[in-house]
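Number of protein chains: 2
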Amino acid sequence: MSLLDSLTEALRVLPGVGPKSAQRMVYHLLQRNREGAARLSAALASALADIRHCGRCNNFTEAEICERCLNLARDASQLCVVEMPSDLAVMESTHAYRGLYYVLMGRISPLDGIGPRELKLDKLIARATDGTVQEVILATNFTNEGEATAHYVGEMLRTRGLKVSRIARGVPVGGELEHTDLGTVAQAFVERRGW
Amino acid sequence: MSLLDSLTEALRVLPGVGPKSAQRMVYHLLQRNREGAARLSAALASALADIRHCGRCNNFTEAEICERCLNLARDASQLCVVEMPSDLAVMESTHAYRGLYYVLMGRISPLDGIGPRELKLDKLIARATDGTVQEVILATNFTNEGEATAHYVGEMLRTRGLKVSRIARGVPVGGELEHTDLGTVAQAFVERRGW
Chain A
1 MSLLDSLTEA
11 LRVLPGVGPK
21 SAQRMVYHLL
31 QRNREGAARL
41 SAALASALAD
51 IRHCGRCNNF
61 TEAEICERCL
71 NLARDASQLC
81 VVEMPSDLAV
91 MESTHAYRGL
101 YYVLMGRISP
111 LDGIGPRELK
121 LDKLIARATD
131 GTVQEVILAT
141 NFTNEGEATA
151 HYVGEMLRTR
161 GLKVSRIARG
171 VPVGGELEHT
181 DLGTVAQAFV
191 ERRGW
Chain B
1 MSLLDSLTEA
11 LRVLPGVGPK
21 SAQRMVYHLL
31 QRNREGAARL
41 SAALASALAD
51 IRHCGRCNNF
61 TEAEICERCL
71 NLARDASQLC
81 VVEMPSDLAV
91 MESTHAYRGL
101 YYVLMGRISP
111 LDGIGPRELK
121 LDKLIARATD
131 GTVQEVILAT
141 NFTNEGEATA
151 HYVGEMLRTR
161 GLKVSRIARG
171 VPVGGELEHT
181 DLGTVAQAFV
191 ERRGW
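Residue numbers (UniProt numbering), protein chains in the order written: chain A, 1 to 195; chain B, 1 to 195.
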């Protein structure tokens, strides 16, 4: 296989990139932006080498434990469970929450072959039952997958004696946190209910 | 800037990738396809190091002169000028043409700041006036930019005493070769007219 074909095929690992757009990308990179292509190659290599999961919140980080988890000013008695780092970012932007997080890095989604095992929920259990966490707030999306995840995780943690709550269904049904206005997300947090 | 942010930004060199989809790509690569990400990083680096422009047809190649230009079975008296490698591939698929090619790697497009100078037409002139080429066939797209390019290149080569033709307007006006059925492209080639 030629280097050109290898690169075209390699670009198809990116979600949403088909054969035509991969080819367009190749021409664009080689013809118009070789510097950008070099930067991308290096950024991928560095990220793969040095980005890992925080030992506590499971978010991406370059350290063993991320800065947010080490921040003593945050309320360690509250643990907010979100699907993705982008959801964590939305919660943070509301300034309604001062506790800590756990990032699932996904959601239960049988169609994509992602069950409880693939989400490695053991790590969440260990984190939530460390003795300092008093309340786990489930902030997964209100999609079918997000709800299923909340039900499963909630059940799992409640049987271990933890107080579990769910952010209020202020977020529109079928909607995703990332695309919701901050006020709605903040209210949903304040109105969380027992789960 | 964190490695995560660097990678997100680096992915935006890809055409059609905005901030949201760059972020989705980062999560996907780091969480679900690290092997693919490593392959992509390596493929980019190899392509940048070893892919260059053929000294004769200007197409991408790993050699000094590409295989097609070295193929003695092809008719060296005909030179077909196309915009992009994908257009060359379409011409080849029609099996209607047995001559050689010149790939402009673009088109005259004032809005994108691409004029005759940026297309490095000197290389085309040198190629077309090497003494063996008898006819130059313009097979740029029938978009405004493609037509402008054909007019400019045609004029330029005709004043140097070359016979210049244009593939027939069988390709729908405003259409692009890449998205046209092979029969239409083949007929357009057969019905090329003096230019």
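The hints are simulated quantities; they were obtained by calculation from the structure and are not laboratory data.
There's no promise every hint is true.
Identical chains share a label here; the pair holds if one copy fits it or two copies do between them.
Claimed, not checked - No more than 25 Å apart at the CA atoms, straight line, and that leaves these computed lysine to any residue pairs for SDA-like:
no.	residue 1	residue 2
1	Lys20	Ala96
2	Lys163	Gly113
3	Lys20	Thr129
4	Lys20	Arg34
5	Lys123	Arg68
6	Lys120	Ser109
7	Lys163	Glu35
8	Lys20	Asn144
9	Lys163	Ala89
10	Lys123	Gly55
11	Lys20	Glu62
12	Lys20	Glu35
13	Lys20	Gly154
The structure presented is a predicted model; accordingly, all values stated were derived computationally and were not measured.
A quick look at each hint next to the structure:
1. Lys20 - Ala96: Answer is between; shortest inter-copy Cα gap is 24 Å, intra-copy 44 Å.
2. Lys163 - Gly113: neither (29 Å within a copy, 62 Å between copies)
3. Lys20 - Thr129: Intra 49 Å, inter 34 Å, cutoff 25 Å: neither.
4. Lys20 - Arg34: both (20 Å within a copy, 23 Å between copies)
5. Lys123 - Arg68: within (18 Å within a copy, 57 Å between copies)
6. Lys120 - Ser109: within (14 Å within a copy, 52 Å between copies)
7. Lys163 - Glu35: Intra 52 Å, inter 39 Å, cutoff 25 Å: neither.
8. Lys20 - Asn144: between (32 Å within a copy, 22 Å between copies)
9. Lys163 - Ala89: within (24 Å within a copy, 63 Å between copies)
10. Lys123 - Gly55: Within one copy only: 9 Å inside a chain, 58 Å across chains, cut-off 25 Å.
11. Lys20 - Glu62: between (35 Å within a copy, 22 Å between copies)
12. Lys20 - Glu35: both (22 Å within a copy, 22 Å between copies)
13. Lys20 - Gly154: Neither: 44 Å inside a chain and 29 Å across chains, both beyond 25 Å.
Of the numbered hints listed earlier, those contradicted by the structure are 2, 3, 7 and 13.
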